[in-house]
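Here is what each chain is made of, one letter per residue.
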Amino acid sequence: MKAKAKRNRNYDPFQYAAFSGSAALDYLNLRKEEPTAPSIKRHFFPPSDAPDYNKPDWASEMSDLENTSHTQEIPEDVKEVTQKYVPNIISRPLIKNRFLELQKWEGIVLQISKDSMVARLIDLSEKESEGEAEFALDEIHSDDLPLVKPGAIFYWTIGYLDKGGQRIRASIIRFRRLPRWRTEELDAAKKDAEYTQKLFKGDQQD
Amino acid sequence: MVKKPEIEGMNIVFRGDFNPKIFQPAWFAAQGLIRNEEADEATVEIIHPTIVVFTLDWLQIQIEPNRFYAGTNQSPYIEILKDLILGTFRILNHTPIKMMGINYNSHFPMDSEDAWHDVGHRVAPKDMWNKILKKPGLRSLTMQGERPDDHKGHIAVRIEPSNRVRHGIFININDHYELKDPESVLGCEAIIDMLESEWKTSVTRSQRIAITILEQA
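Protein chains in written order, with our numbering: chain F, 1 to 206; chain Y, 207 to 423.
Hints were generated in silico from the structure; no laboratory data involved. Be a bit skeptical, because a hint or two may be false.
[As the list claims (entries may be wrong)] On the chain Y side, residues computed to face chain F include the following (Cβ under 7 Å):
1. Gly238
2. Leu239
3. Gln280
[As the list claims (entries may be wrong)] Derived DSS-like pairs: lysine-lysine, alpha-carbon spacing no greater than 27 Å straight-line:
4. Lys304/Y x Lys406/Y
5. Lys149/F x Lys190/F
6. Lys304/Y x Lys210/Y
7. Lys209/Y x Lys104/F
8. Lys406/Y x Lys210/Y
9. Lys149/F x Lys104/F
10. Lys227/Y x Lys96/F
11. Lys406/Y x Lys209/Y
12. Lys304/Y x Lys227/Y
13. Lys358/Y x Lys406/Y
14. Lys104/F x Lys163/F
15. Lys209/Y x Lys332/Y
16. Lys114/F x Lys104/F
17. Lys358/Y x Lys304/Y
18. Lys96/F x Lys210/Y
19. Lys163/F x Lys209/Y
20. Lys406/Y x Lys104/F
21. Lys386/Y x Lys358/Y
22. Lys96/F x Lys163/F
23. Lys104/F x Lys210/Y
24. Lys190/F x Lys201/F
25. Lys149/F x Lys163/F
26. Lys386/Y x Lys406/Y
27. Lys149/F x Lys114/F
28. Lys96/F x Lys209/Y
29. Lys149/F x Lys406/Y
30. Lys163/F x Lys386/Y
Note that the Cβ used here is the ideal one computed from N, Cα and C, for glycine as well.
With the sequences and hints as input, model every part of the structure.
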């Protein structure tokens, strides 16, 4: 048992020394002598240039993702606004659903027919195996149908959705959404293409 | 054998200068970054010059003048979250952003109450605390380390008992990036390029850190 504990202690990146060593006691003012290992002290006190959002902050408290266990610091101006308009905004989780993922793939659309699409799938688990599958277009959300084009990327996840006290077996397909090209970007690309074309034409004339 | 997390999500936090009122569901839909139906059904908590907060079924957005936060607690949407942020700041590319946190959150169920206590004892041994407190227990522990790459920043790991999963462990990993020369920042291209190039590495590394902690504890 002792050997096992020792082995774990050597391997564990969370070395016990940082908490059970003299640096910890010194920090608590329970022992007056200097810490025996200065390098431990460096790890015990955060560097002075640590960014301010490393500290607990009120936004984490609002997030359903977080553990909602801290007393958070709320900036005064924001506190005033939220207390005035949304008194309970900080205390409750905002995203209520949970999804227990079973498997996830990234897909690339290869072909589209009237009622279906064929896609190459890459398993996003550690196996990273590949395969092809055909999906009925009925499975795609109507808002995503304009995105279904050869080469489009989507994510397909299967699992259980816990919603409103029910566990539902779910398949979620979401297409990648990137910003639309703006007119000035299209114009700039066109100018670049024309310039390159002129260069090639010039080469041919020479 | 570590069980899969019951809740797993990511959030992305930027530090910079933002105009909160831009970031409304209708704006995201108009840019084609979320579905129209999602924008129509969004729950808007507050829209005010100093703060905007709204949620979709899978997304929470919160913007203050110096902070942008977007997160999901549903693993199918982790990649969608990243695409949403990339799309948003490819459009708003003049927004000055100096720091970024790619944060991973997970709630792992433990096999039993004993196994749950065991994790607490392993990551924070009570030898010292037993002399100081009566029945000490781990409430929260944060450990910070240097980055394993050339970027400026750090990686911090926080462990707590889960408040969402019975006998569960909550693990938060803050993968923090900073620009090397923030004073010269004019827009957000550098940070957004960093997000795009580092995303996969960051997610994989955070998931491995969480699993390693529970395997060793």
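Quick rundown of the hints versus the structure:
1. Gly238: holds, 5 Å
2. Leu239: holds, 5 Å
3. Gln280: holds, 4 Å
4. Lys304/Y x Lys406/Y: holds, 21 Å
5. Lys149/F x Lys190/F: Holds. Lys149/F to Lys190/F sits at ~23 Å (cutoff 27 Å).
6. Lys304/Y x Lys210/Y: violated, 34 Å
7. Lys209/Y x Lys104/F: Roughly 17 Å separates the two Cα atoms, so the pair holds.
8. Lys406/Y x Lys210/Y: holds, 19 Å
9. Lys149/F x Lys104/F: Holds - the C-alpha atoms of Lys104/F and Lys149/F are around 21 Å apart, at most 27 Å.
10. Lys227/Y x Lys96/F: holds, 25 Å
11. Lys406/Y x Lys209/Y: holds, 22 Å
12. Lys304/Y x Lys227/Y: Roughly 20 Å separates the two Cα atoms, so the pair holds.
13. Lys358/Y x Lys406/Y: holds, 18 Å
14. Lys104/F x Lys163/F: holds, 20 Å
15. Lys209/Y x Lys332/Y: This hinted pair holds, its Cα atoms lying about 26 Å apart.
16. Lys114/F x Lys104/F: holds, 26 Å
17. Lys358/Y x Lys304/Y: Holds. Lys358/Y to Lys304/Y sits at ~11 Å (cutoff 27 Å).
18. Lys96/F x Lys210/Y: Given pair Lys96/F, Lys210/Y holds - Cα atoms ~20 Å apart, limit 27 Å.
19. Lys163/F x Lys209/Y: With a Cα-Cα distance of about 22 Å, the restraint between Lys163/F and Lys209/Y holds, given a limit of 27 Å.
20. Lys406/Y x Lys104/F: At roughly 15 Å apart (the allowed maximum being 27 Å), Lys104/F and Lys406/Y satisfy the hint.
21. Lys386/Y x Lys358/Y: holds, 6 Å
22. Lys96/F x Lys163/F: OK: Lys96/F and Lys163/F at ~8 Å, within 27 Å.
23. Lys104/F x Lys210/Y: Roughly 13 Å separates the two Cα atoms, so the pair holds.
24. Lys190/F x Lys201/F: holds, 16 Å
25. Lys149/F x Lys163/F: Violated. Lys149/F to Lys163/F sits at ~32 Å, over the 27 Å cutoff.
26. Lys386/Y x Lys406/Y: holds, 22 Å
27. Lys149/F x Lys114/F: holds, 12 Å
28. Lys96/F x Lys209/Y: Roughly 22 Å separates the two Cα atoms, so the pair holds.
29. Lys149/F x Lys406/Y: The given pair, whose Cα atoms are some 25 Å apart, holds under the 27 Å limit.
30. Lys163/F x Lys386/Y: Since the Cα atoms of Lys163/F and Lys386/Y sit roughly 44 Å apart, the hinted pair is violated (cutoff 27 Å).
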